[in-house]
Amino acid sequence: MMDFWIILTAVLVASACSILGCFLILRRMALVGDAISHAVLPGIAIAFLMSGTRDSMWMLLGATAFGLLTVFLIQTLQTSGLQSDASIGIVFTALFAVGVLLISLNAQHIDLDLDCVLFGEIAYVPWDTWTFGSTDMGPRAVWMLGITLTVILLLLGLFYKQFKICAFDPAMAAACGIPVLLFHYLLMGMVSMTAVSSFESVGAILVVGMLIIPAATAYLLTNRLGVMIGLSVAVGIISAVSGYLVSYLLDASIAGCIVSAAGILFILTLLFAPQHGVIAKFARRRSSAQTVS
Amino acid sequence: MLDWLISLWSDPNTRWILMGCTLLGLGSGVIGSFTFLRRESLLGDTLAHAALPGVCIAFMLHEVKSASLFLIGALAAGIAAVLCVSAISRLTRIKSDAAMGIVLTFFFGIGTVMLTHIQHSGSGSQSGLDKYLFGQAAAMVTSDVYTLMGVSVLLVAAAILLFKEFKLVSFDPGFARGIGLPVSLLEHAMLILTTVAVAAGIQAVGVVLVAALLITPAAAARYWTHRLPVMLAFAGLFGALSGASGAAISTLGGSIPTGPVTVLAATLLFVISMLLAPERGLVAKTLRHRSMKANYARSAAERSALNPAEGGNSK
Chain E
1 MMDFWIILTA
11 VLVASACSIL
21 GCFLILRRMA
31 LVGDAISHAV
41 LPGIAIAFLM
51 SGTRDSMWML
61 LGATAFGLLT
71 VFLIQTLQTS
81 GLQSDASIGI
91 VFTALFAVGV
101 LLISLNAQHI
111 DLDLDCVLFG
121 EIAYVPWDTW
131 TFGSTDMGPR
141 AVWMLGITLT
151 VILLLLGLFY
161 KQFKICAFDP
171 AMAAACGIPV
181 LLFHYLLMGM
191 VSMTAVSSFE
201 SVGAILVVGM
211 LIIPAATAYL
221 LTNRLGVMIG
231 LSVAVGIISA
241 VSGYLVSYLL
251 DASIAGCIVS
261 AAGILFILTL
271 LFAPQHGVIA
281 KFARRRSSAQ
291 TVS
Chain G
1 MLDWLISLWS
11 DPNTRWILMG
21 CTLLGLGSGV
31 IGSFTFLRRE
41 SLLGDTLAHA
51 ALPGVCIAFM
61 LHEVKSASLF
71 LIGALAAGIA
81 AVLCVSAISR
91 LTRIKSDAAM
101 GIVLTFFFGI
111 GTVMLTHIQH
121 SGSGSQSGLD
131 KYLFGQAAAM
141 VTSDVYTLMG
151 VSVLLVAAAI
161 LLFKEFKLVS
171 FDPGFARGIG
181 LPVSLLEHAM
191 LILTTVAVAA
201 GIQAVGVVLV
211 AALLITPAAA
221 ARYWTHRLPV
231 MLAFAGLFGA
241 LSGASGAAIS
251 TLGGSIPTGP
261 VTVLAATLLF
271 VISMLLAPER
281 GLVAKTLRHR
291 SMKANYARSA
301 AERSALNPAE
311 GGNSK
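So the protein lines, in turn, are chains E and G.
Sequential numbering from 1 applies to the first sequence in the UniProt record's numbering.
Sequential numbering from 1 applies to the second sequence in the UniProt record's numbering.
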């Protein structure tokens with residue numbers, strides 16, 4: 001049963017992240033996802049300090065607001081003339097620093113381990129349960145991630161076309177009358193929500209890995225957005241399950257093994273993908289060279 | 001206040017750490033300016049995360065904790081990571097930012113697996129590897145400080161000796177190649193210097209925050225000047241100031257970590273520069289904008305007074 005909860009949590013993180021990751025990769029904002037997942041730390045710390053408990057809903061809302069603040073600050077710096085890579089770097093390091101400082105200054109009030117922030121400890125998920133009334137409703141992380149995934153599916157289902165046009169051609173989307181900025185912030189809000197609800201259970205590294213690697217793998221396999229999302233989720237789930245098994249064998253970090261599994265899937269795809277793979281490209285180049293000679 | 005400053009200087013241990021952090025800030029600020037100009041600021045973040053497996057392998061091979069060994073491990077892993085990033089973005093249609101994200105998380109994931117493996121096998125519990133990751137300058141011993149100082153001197157010396165070459169390669173690689181400079185060699189040299197700065201900085205401020213040592217002072221310095229030598233001097237000064245204040249403030253209490261204070265000091269300097277810099281600062285820009293508007297309104301009023309017919313039409 002415990003294995004089941006851990007795998008379920010990992011699968012939920014993987015699905016939520018790999019869906020959103022597709023849009024981040026297409027909008028060339030992969031590293032903004034990285035920034036958000038680090039920058040929600042002060043939000044989590046403040047929510048802890050204010051509510052005094054792990055009251056999930058407050059934490060989710062407060063920290064998601066910090067994710068949006070990150071995006072807003074990055075955008076403001078960019079429009080004031082700073083180049084985008086530097087503005088991402090400055091904003092997320094500053095916010096993460098605030099978070100670490102808050103946690104270490106209030107260590108006796110905050111039940112948050114700094115090691116867990118980076119590596120996460122998904123193995124503890126089954127013990128941290130949510131009780132409603134007096135009944136045990138199962139692990140809290142599963143509930144938070146379940147809510148997040150539902151929100152993501154609902155929003156993307158309702159506005160799939162709008163998100164798609166915004167991802168490929170924001171200028172055309174604006175010309176069609178789609179409120180591009182609103183959809184941008186919606187997407188970023190969903191990324192923040194995912195980052196927050198997975199933060200302390202699985203750690204920032206798994207979130208970032210799952211946001212970028214499965215989506216990039218799928219990007220090498222297809223040219224259609226719908227297929228890309230499906231493949232990305234498949235890669236995410238396969239790496240979650242196989243990573244868990246490997247971590248059991250190696251007696252090592254679950255989050256680390258899942259990310260490594262995803263990385264290995266990416267390398268395999270990079271080499272063997274039918275159209276965009278390295279080997280296929282070389283073969284094509286050689287055959288075209290032969291036709292010329 | 002004064003007593004505190006005096007006590008900082010009189011305690012030999014604190015003095016060494018203070019000097020180490022100051023020099024580290026100086027060196028990373030200077031090298032960071034070049035990465036900033038080449039728009040590769042986030043490479044520092046990738047390098048820092050990628051260092052983890054290197055550090056773990058170095059520990060597994062020698063079973064001792066030593067700053068210089070970790071530095072070599074981090075350097076090797078960093079170079080491997082950079083090669084992977086450039087291979088992915090060159091061979092496929094994946095853009096360089098996504099490539100950086102992939103390499104960053106993959107290396108860090110492997111590093112995490114190794115780290116937990118070391119910790120569970122027992123010998124690693126006293127290795128201090130996790131201290132190394134989160135950065136606690138107060139935990140440094142004298143030999144670590146010597147390594148830090150050596151690295152910083154190397155960074156600044158390289159930036160001064162190769163100043164002209166680095167400048168050309170940063171601003172106009174095409175022209176640099178045209179006049180016969182070994183551009184790719186110089187690019188690699190810059191990359192290795194950046195990796196060295198990151199690997200040394202991890203110990204003082206931690207994996208996540210070390211990128212700020214490269215980015216923030218350089219970005220702040222950019223507001224003050226249009227000339228590269230001046231920018232390097234400002235970036236070095238800002239870096240040194242943040243490193244010094246991080247080390248100094250963290251001596252106030254046992255629970256204040258060095259890294260976040262250093263980064264926040266750098267961010268404060270950045271915000272001040274962004275607002276108050278004489279020409280490119282926001283305040284100066286707003287004032288200039290307003291005076292231009294007023295000038296224009298005045299001249300328009302004068303025009304319409306001289307030429308009533310035109311003034312009547314324009315409204």
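A few of these clues could be false.
[What the hints assert, rightly or not] Cut-off 30 Å, straight-line C-alpha distance, at most; resulting in silico cross-link-like pairs (DSSO-like, lysine-lysine):
hint	chain 1	residue 1	chain 2	residue 2
1	G	K285	E	K281
2	E	K281	E	K164
3	G	K95	E	K161
4	E	K164	G	K167
5	G	K167	G	K95
6	G	K167	G	K65
[Said to hold, decoys possible] Between beta-carbon pairs, the in silico distance windows are:
hint	chain 1	residue 1	chain 2	residue 2	range
7	G	L69	E	G226	43 to 51 Å
8	E	A283	G	A189	49 to 57 Å
9	G	K164	E	L249	30 to 38 Å
10	G	A284	E	F72	44 to 52 Å
11	G	K285	E	A280	45 to 53 Å
12	E	P274	G	R90	53 to 61 Å
[What the hints assert, rightly or not] Calculated Cβ distances over 10 Å to all of chain G for the following chain E residues:
hint	residue
13	G33
14	L61
15	T93
16	R140
17	I165
18	G177
19	Y219
20	S247
21	S253
22	I258
23	A262
24	L268
25	R286
26	S288
27	Q290
It should be emphasised that the hints constitute simulated quantities derived from the structure, not laboratory data.
Here a beta-carbon is modelled for each residue, glycine too, at the ideal position from N, C-alpha and C.
Comparing the hints with the structure gives:
1. For the hint pairing K285 (chain G) with K281 (chain E), the CA-to-CA distance comes to about 51 Å; that exceeds 30 Å, so the pair is violated.
2. The hinted pair formed by K281 (chain E) and K164 (chain E) meets the criterion: a straight-line CA distance of about 28 Å does not exceed 30 Å.
3. Of the supplied pair hints, the one linking K95 (chain G) and K161 (chain E) holds, its CA atoms being roughly 24 Å apart against a limit of 30 Å.
4. Restraint check: the Cα-Cα separation between K164 (chain E) and K167 (chain G) comes to about 42 Å, which exceeds 30 Å; the hinted pair is violated.
5. At roughly 26 Å between alpha-carbon atoms, K167 (chain G) and K95 (chain G) fall within 30 Å of each other, so this suggested pair holds.
6. For the proposed pair K167 (chain G) and K65 (chain G), the alpha carbon gap of about 37 Å is over 30 Å, so the pair is violated.
7. Between L69 (chain G) and G226 (chain E) the C-beta distance comes to about 50 Å, which sits within the given range of 43 to 51 Å.
8. Checking the proposed 49 to 57 Å range against A283 (chain E) and A189 (chain G) shows it is violated: the Cβ atoms sit about 36 Å from each other.
9. The supplied range of 30 to 38 Å is broken by K164 (chain G) and L249 (chain E), whose beta-carbon atoms lie about 55 Å from each other.
10. For the pair A284 (chain G) and F72 (chain E), the supplied restraint of 44 to 52 Å is violated, since their beta-carbon distance comes to about 24 Å.
11. The given range of 45 to 53 Å is respected by K285 (chain G) and A280 (chain E), whose C-beta atoms sit roughly 51 Å from each other.
12. P274 (chain E) and R90 (chain G) have their C-beta atoms about 20 Å apart, which leaves the hinted 53 to 61 Å range violated.
13. A beta-carbon of chain G is positioned within 10 Å of the beta-carbon of G33 (chain E); the least distance is around 7 Å.
14. Here L61 (chain E) stays apart from chain G, with its beta-carbon at least about 24 Å from theirs, past the 10 Å limit.
15. The beta carbon of T93 (chain E) is not kept farther than 10 Å from every beta carbon of chain G, the shortest such distance being approximately 4 Å.
16. For R140 (chain E), the non-interface assignment is confirmed: its Cβ lies about 23 Å from the closest Cβ of chain G, beyond the 10 Å cut-off.
17. Non-interface status of I165 (chain E) relative to chain G is upheld: no Cβ of that chain comes within 10 Å, the nearest being about 20 Å off.
18. Every Cβ of chain G is farther than 10 Å from the Cβ of G177 (chain E); the closest lies at roughly 28 Å, confirming the non-interface assignment.
19. At roughly 6 Å from the closest C-beta of chain G, the C-beta of Y219 (chain E) falls inside 10 Å, breaking its exclusion from the interface.
20. The non-interface label for S247 (chain E) is inconsistent with chain G: the shortest C-beta to C-beta separation is roughly 8 Å, within 10 Å.
21. Consistency note on S253 (chain E): stated as away from chain G, yet its beta-carbon is not over 10 Å from all of that chain's, at 4 Å minimum.
22. The beta carbon of I258 (chain E) is not kept farther than 10 Å from every beta carbon of chain G, the shortest such distance being approximately 7 Å.
23. The non-interface label for A262 (chain E) is inconsistent with chain G: the shortest C-beta to C-beta separation is roughly 8 Å, within 10 Å.
24. Chain G leaves L268 (chain E) outside its interface by the beta-carbon criterion, the shortest separation being 13 Å against a cut-off of 10 Å.
25. Remark: the non-interface label on R286 (chain E) is consistent with the geometry, its nearest Cβ contact in chain G lying 15 Å away (cut-off 10 Å).
26. The non-interface label for S288 (chain E) is consistent with chain G: the shortest C-beta to C-beta separation is roughly 17 Å, beyond 10 Å.
27. At the 10 Å boundary, the C-beta of Q290 (chain E) stays outside the reach of chain G, the nearest C-beta of that chain being 21 Å off.
Checked against the numbered hints above, the structure violates hints 1, 4, 6, 8, 9, 10, 12, 13, 15, 19, 20, 21, 22, 23; every other hint is satisfied.
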